[in-house]
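*Asks:* Chains as they are written, first to last, in the numbering used here: chain A, 1 to 746; chain B, 1 to 328.
Hint data in this document are derived by calculation from the structure and do not stem from the laboratory. Just so you know, these numbers come straight off a predicted model, no measurement behind them. Glycine included, each C-beta is placed from N, C-alpha and C at the ideal position. Be careful, since some hints might not be right.
[What the hints assert, rightly or not] Straight-line Cα separation of at most 25 Å, DSS-like style, residue types lysine-lysine; simulated pairs: (1) B:Lys233 <-> A:Lys446; (2) A:Lys661 <-> B:Lys87; (3) A:Lys309 <-> A:Lys319; (4) A:Lys455 <-> A:Lys408.
[To be verified] Covered stretches of chain B, going by a simulated chain A footprint (3 or more residues, C-beta under 8 Å): (5) 134-147; (6) 212-226; (7) 233-247.
[Stated by the list, open to error] One side only, chain B facing chain A, incomplete, derived with CB under 7 Å: (8) Tyr122; (9) Glu126; (10) Ala229.
Below are the chains, spelled out letter by letter.
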Amino acid sequence: MKKFSGTEPKAQHKGASDGATAVQERETTKLVGQSIPRVDAIDKVLGKTQYPGDLSRPDMVFMKVLLARRPHARIKKIDSSATLATPGVMAVFTASDVPCNEYGLIEPDQPVLCGDVVRYIGDKVALVIAQNEHAAIIGRERLVVDYEDLPAITDPRRALDSSALILHAAKKTNLLAQRRIRKGNIESGFTKADVIVESEYVTPHQEHAYLQPEAGLAYLDEQGRVVIETAAQWSHDDRHQIAHALGLPQDQVRVIYTYGGGAFGGKEDVSIQIVLALAAWKLRKPVKLIWDRDESIIGHHKRHPYIIKAKWGATRDGKLTAIQMDLLSDAGAYASSSREVLNNATAMCTGPYECENVWVDSRAVYTNNPTCGAFRGFGAPQVEFAAEMQMNKLAEALDMDSVELRKKNLWRNGSIQATGAPVPEPVGVIKVLEAAARAAAWPVKKSSSKRLETKKRGFGVACGFKNVGYGFGFDEKCTVTLELHGRSEIEKVVVRAGASDAGQGAHTILTQFVADALDVPLEKIQLVTGDTSEADPVGSCSASRLAFMLGQAVRGAAELAKEKWRTQSERPVKATYRFKPRPTTPLDPETGRGDPAISYCYAAQIAEVEVDTATGQVTVLKLISAHDVGKAVNPQQLIGQIEGGAAQGLGWATVEHFVMKDGFVMTPNFTLYLIPTVLDVPEIMNTVVLEDPDPQGPQGARGVGEMGLIPAAPALVAAVHDATGVWFDQLPLTPERVLKGLQSVP
Amino acid sequence: MRNFEHITPPDLESAVDLLSERGTKSIAGGTDLLPEMKSRLRSPRRLVNLKALEELRYLKHNARKGFQIGALTTLAEIESNELIREKIPILAQAASVAASPQLRNMGTIGGNLCQSVRCWYYRAPEFKCWLKGGDTCYAIEGENKFHAILESSPCCAVHPSDLAPALMALGASVHITGTDEEGTVSLEEFFVRPKASNRQMTILGANELITEVQVPMLDGDSSGIYLKAMDRKVWAFALVSVAVQVSWDKERVKGARIVLGGVAPIPWRVPAAEEIVRDQAITEEIATSASEAALEGAQPLRDNGYKIALAKALVKRALMTLAERAKK
Ligand SMILES: Cc1cc2nc3c(=O)[nH]c(=O)nc-3n(C[C@H](O)[C@H](O)[C@H](O)COP(=O)(O)OP(=O)(O)OC[C@H]3O[C@@H](n4cnc5c(N)ncnc54)[C@H](O)[C@@H]3O)c2cc1C
Numbered sequence: 001m002k003k004f005s006g007t008e009p010k011a012q013h014k015g016a017s018d019g020a021t022a023v024q025e026r027e028t029t030k031l032v033g034q035s036i037p038r039v040d041a042i043d044k045v046l047g048k049t050q051y052p053g054d055l056s057r058p059d060m061v062f063m064k065v066l067l068a069r070r071p072h073a074r075i076k077k078i079d080s081s082a083t084l085a086t087p088g089v090m091a092v093f094t095a096s097d098v099p100c101n102e103y104g105l106i107e108p109d110q111p112v113l114c115g116d117v118v119r120y121i122g123d124k125v126a127l128v129i130a131q132n133e134h135a136a137i138i139g140r141e142r143l144v145v146d147y148e149d150l151p152a153i154t155d156p157r158r159a160l161d162s163s164a165l166i167l168h169a170a171k172k173t174n175l176l177a178q179r180r181i182r183k184g185n186i187e188s189g190f191t192k193a194d195v196i197v198e199s200e201y202v203t204p205h206q207e208h209a210y211l212q213p214e215a216g217l218a219y220l221d222e223q224g225r226v227v228i229e230t231a232a233q234w235s236h237d238d239r240h241q242i243a244h245a246l247g248l249p250q251d252q253v254r255v256i257y258t259y260g261g262g263a264f265g266g267k268e269d270v271s272i273q274i275v276l277a278l279a280a281w282k283l284r285k286p287v288k289l290i291w292d293r294d295e296s297i298i299g300h301h302k303r304h305p306y307i308i309k310a311k312w313g314a315t316r317d318g319k320l321t322a323i324q325m326d327l328l329s330d331a332g333a334y335a336s337s338s339r340e341v342l343n344n345a346t347a348m349c350t351g352p353y354e355c356e357n358v359w360v361d362s363r364a365v366y367t368n369n370p371t372c373g374a375f376r377g378f379g380a381p382q383v384e385f386a387a388e389m390q391m392n393k394l395a396e397a398l399d400m401d402s403v404e405l406r407k408k409n410l411w412r413n414g415s416i417q418a419t420g421a422p423v424p425e426p427v428g429v430i431k432v433l434e435a436a437a438r439a440a441a442w443p444v445k446k447s448s449s450k451r452l453e454t455k456k457r458g459f460g461v462a463c464g465f466k467n468v469g470y471g472f473g474f475d476e477k478c479t480v481t482l483e484l485h486g487r488s489e490i491e492k493v494v495v496r497a498g499a500s501d502a503g504q505g506a507h508t509i510l511t512q513f514v515a516d517a518l519d520v521p522l523e524k525i526q527l528v529t530g531d532t533s534e535a536d537p538v539g540s541c542s543a544s545r546l547a548f549m550l551g552q553a554v555r556g557a558a559e560l561a562k563e564k565w566r567t568q569s570e571r572p573v574k575a576t577y578r579f580k581p582r583p584t585t586p587l588d589p590e591t592g593r594g595d596p597a598i599s600y601c602y603a604a605q606i607a608e609v610e611v612d613t614a615t616g617q618v619t620v621l622k623l624i625s626a627h628d629v630g631k632a633v634n635p636q637q638l639i640g641q642i643e644g645g646a647a648q649g650l651g652w653a654t655v656e657h658f659v660m661k662d663g664f665v666m667t668p669n670f671t672l673y674l675i676p677t678v679l680d681v682p683e684i685m686n687t688v689v690l691e692d693p694d695p696q697g698p699q700g701a702r703g704v705g706e707m708g709l710i711p712a713a714p715a716l717v718a719a720v721h722d723a724t725g726v727w728f729d730q731l732p733l734t735p736e737r738v739l740k741g742l743q744s745v746p
Numbered sequence: 001m002r003n004f005e006h007i008t009p010p011d012l013e014s015a016v017d018l019l020s021e022r023g024t025k026s027i028a029g030g031t032d033l034l035p036e037m038k039s040r041l042r043s044p045r046r047l048v049n050l051k052a053l054e055e056l057r058y059l060k061h062n063a064r065k066g067f068q069i070g071a072l073t074t075l076a077e078i079e080s081n082e083l084i085r086e087k088i089p090i091l092a093q094a095a096s097v098a099a100s101p102q103l104r105n106m107g108t109i110g111g112n113l114c115q116s117v118r119c120w121y122y123r124a125p126e127f128k129c130w131l132k133g134g135d136t137c138y139a140i141e142g143e144n145k146f147h148a149i150l151e152s153s154p155c156c157a158v159h160p161s162d163l164a165p166a167l168m169a170l171g172a173s174v175h176i177t178g179t180d181e182e183g184t185v186s187l188e189e190f191f192v193r194p195k196a197s198n199r200q201m202t203i204l205g206a207n208e209l210i211t212e213v214q215v216p217m218l219d220g221d222s223s224g225i226y227l228k229a230m231d232r233k234v235w236a237f238a239l240v241s242v243a244v245q246v247s248w249d250k251e252r253v254k255g256a257r258i259v260l261g262g263v264a265p266i267p268w269r270v271p272a273a274e275e276i277v278r279d280q281a282i283t284e285e286i287a288t289s290a291s292e293a294a295l296e297g298a299q300p301l302r303d304n305g306y307k308i309a310l311a312k313a314l315v316k317r318a319l320m321t322l323a324e325r326a327k328k
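I would like the entire structure built from these sequences, with the hints used as guidance.
*Replies:* Laid out in structure tokens, this is it:
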């Protein structure tokens, strides 16, 4: 196994550059493994890159969306006469204007425009299109909607009460999904336990808080197709959903992605795409829309809050004997990917630990809160927070070192998952834990800061894992076409792969894979990624999957292309390859048996914190992250992903407090919803990268996009406990909560 | 934002005259007013642009009058002014932890004292709360972790300014100019609890402007400190803040002014705590009992009980830090 350190523990400074140099020093002509500069960097730095908000066309008009801004109500009447009389206003569209008024990432349970009922504050009610943005805003203000408010379900614990109003009448229940795992015998597992730790954990909504709010431009092209230019995470699925709602064949719809300013899962669902397409289609004019920050925060989905009841048992010598988990997820008003998130949460709630007796009940319920869906980690951060908290509490109860306790239970080659399937090998989680422990010189003795007695320091550890790709039986595929131009020598390679680059660097990695597979220099490679009518479907930019899938699809396409180049005289050579990873299976509804994941990636993090016990403020001084990535395709980007993910995880654990009241979002802007600043991120971030090749991944690569976020919260909370002796079971640890917690101890 | 007229008056007098007309607001840096207009909390028909009034942008100091700070002076200017940093560092500290560098470049001291509250019900167009002319303070029964623990009725929003507690601890006054009158009032008189007939936190009339902030000369040996607790390291409003200015006779306190931010609808001076430290050398015991006196009578709402502990901790920390420094 190869290994390099992002930042050598002794060097103790921030930044990816050290990791990058470390690898560049290797003697190789191959680009995979090198920190080549981002292919999009120069244009972005020069301000040349067009983001969705920058797009324009002569003749374009502007749209504003009227959001419901009430959690649950019946629409009695919409009066648009005053709007239509407003100078500059061209049209108002409501539910009856939508040919097929439904959409959804997995299940189309969401109206494009609400006709009868609004189910959460972000529901769209009407579209106002005007000559300019100002007129659209004024026109929107003059829309009169007559509502009859309905009782709102805002506590997921009450969603299944017999008295609760059913959100989707056709479903007859607010239960959106439920899963089970029944492995071994839970009763006898607890009988064998010498200690049992039982807790309830509460994890909050999280806002994606990307730099670029939703925006786009839609128009008709010369062939009469409706074109939607925007930036999100899955162009081909957007196209599918738009075509469905507009009642058009897929080839009448073109989705073109520009570069995007962040996504983190928040742009996996459709937000503005369908309404833009609808307006452009109806008016046969270019239509532009930019969401304000508060529209973005209210209008797009969130990370699911989870309420997790955990009961874990272990023997005196630290072997887990029983894991019982009850997961309740607040799905909000529509399905989005709640079922799939629940799948992940269910399969991963035991943590990467062996246990013979597992009992899991999990449910996702509809409420009148904002819809929840994909967010970096996709269910794993919530349940692994609970799992790692349980391990740290067990270590305390057993008076055992928490790294040692983990090592006795962590998966290794040959381990069986809670779902009954063997863990895909090689299993590197013990190695990452050992690497993190080494970098931290674990077990670390606390040195209380001398400055003020009220400031207390502590250390905490957590592991994490995340599946690569969709899994659970999803028919996963990734198609790439390579075109080789030239005669005897390859002069140009055109890569057709509809891969979204939300800022994580997918296009750079794609270029690296192509360059190596065809042995051509970077300059000869031309990417066609944005346009669904010209690029092949690669699947979403999510699930830590894109580098993994693209790499394999490129490998397959390159082999075909080289073969044709050798054996055929026709130029250009064109080769298409569809990569399908090994199949997975869904979980059995009764027992949870199944083979849920192609592969996993692993991490361990150790946090050092300082808690000001007088003010409740928590400062993360240092975060060590050890990751097994299989292969660091581009070390600089890799470390950027890990550190960025960790910062986002620490944000979720400390400053990001999404406050809801009776279905309203109290924090619809960045003055109230705080995200970490550079000063909230630890001064020292040591990232240790291990490369234990995954035989299924391209040159051994696993995924990494989500992993940095996952162990951060439980590592931080463990460190706060180490400092103060108090366990905090609810995130985030705001000063308010920390002070309340500290007051409860004598 | 609705369309509005933007007028740059030639001088202060015309500015005040223009303000007499209904639907008119003054704008300085615009950092608070423009966001309010964007979210429709205010839709003035006319804005009177103060930025062009050079006569309001100055910072003077002399041994008799102390500091005279023109209302248009920016927070950045205050934060970096050498004389302020030397003679009244508490004000520089307060300015340096307010908002963000960009906002401090634009935001003025006058606007800072007149800014609107940050209560999330007040700021949300969906709620017509009492302060906006409605009947209900939603926060009293609702989400109130950022709200007042003292005097929390009829409105429990807290004044968000960092400068105000520091200035009040310095004994500062503001000079107000109106159409017919002008005069100087202390900050204790300037800030008032909102009442049904005056739903705002100051006595300022619609056609009045702050023209100057005055900080009197301090006693020979005086020191001050501003501490601010936030939900993150920087760029957040105070959960609780404390401003303490002490005049010393060697290591004994001659007199102290202790002001809390974030605990009441207006900056909250705590005479009971000041009384406890007067004529004392500050020990941990004294600091503790002063901190307890400061929070006497606090009545937390559902979510903000933590502010009591937090405010006490800050008062104690401020006093102990000043005492420590006084020994050196
Ligand atoms: C994101 C954010 C974070 C912030 N954080 C903090 C913080 O941590 N601490 C803090 O103290 N402040 C904070 N602020 C508030 C900021 O300091 C104020 O917005 C700023 O000081 C106001 O000054 P201005 O000149 O921009 O006022 P404007 O926005 O121009 O005016 C604000 C109000 O004051 C009135 N006004 C302006 N000048 C005068 C005058 N001379 N006489 C009478 N009335 C006048 C205006 O009519 C208006 O009603 C924050 C603001 C934002 C947007």
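*Asks:* Each of the hints needs a verdict: does it hold here or not?
*Replies:* Against the structure, the hints:
Distance hint between B:Lys233 and A:Lys446 is fulfilled; the C-alpha atoms sit about 23 Å from each other, no more than 25 Å. Restraint check for A:Lys661 and B:Lys87: the C-alpha separation of about 46 Å exceeds 25 Å, so the hint is violated. For the given pair, A:Lys309 sits about 21 Å from A:Lys319 by alpha-carbon distance, which is consistent with the 25 Å threshold. Restraint check for A:Lys455 and A:Lys408: the C-alpha separation of about 34 Å exceeds 25 Å, so the hint is violated.
With 3 residues having a beta carbon nearer than 8 Å to a beta carbon of chain A, the region 134-147 of chain B meets the requirement of three or more and the stated coverage holds. With a threshold of 8 Å between beta carbons, the proposed coverage of the region 212-226 of chain B by chain A is violated, since 0 of its residues qualify and at least three are required. Interface restraint, the region 233-247 of chain B with chain A: holds (6 residues with C-beta to C-beta distance below 8 Å; minimum three). Given the 7 Å rule on beta carbons, the hint for B:Tyr122 is violated: about 11 Å separates it from the nearest Cβ of chain A.
For the restraint placing B:Glu126 at the interface with chain A, the shortest Cβ-Cβ distance is roughly 6 Å, inside the 7 Å limit, so the hint holds. Interface hint status for B:Ala229: upheld, as the beta-carbon distance to the closest one in chain A is roughly 5 Å, under 7 Å.
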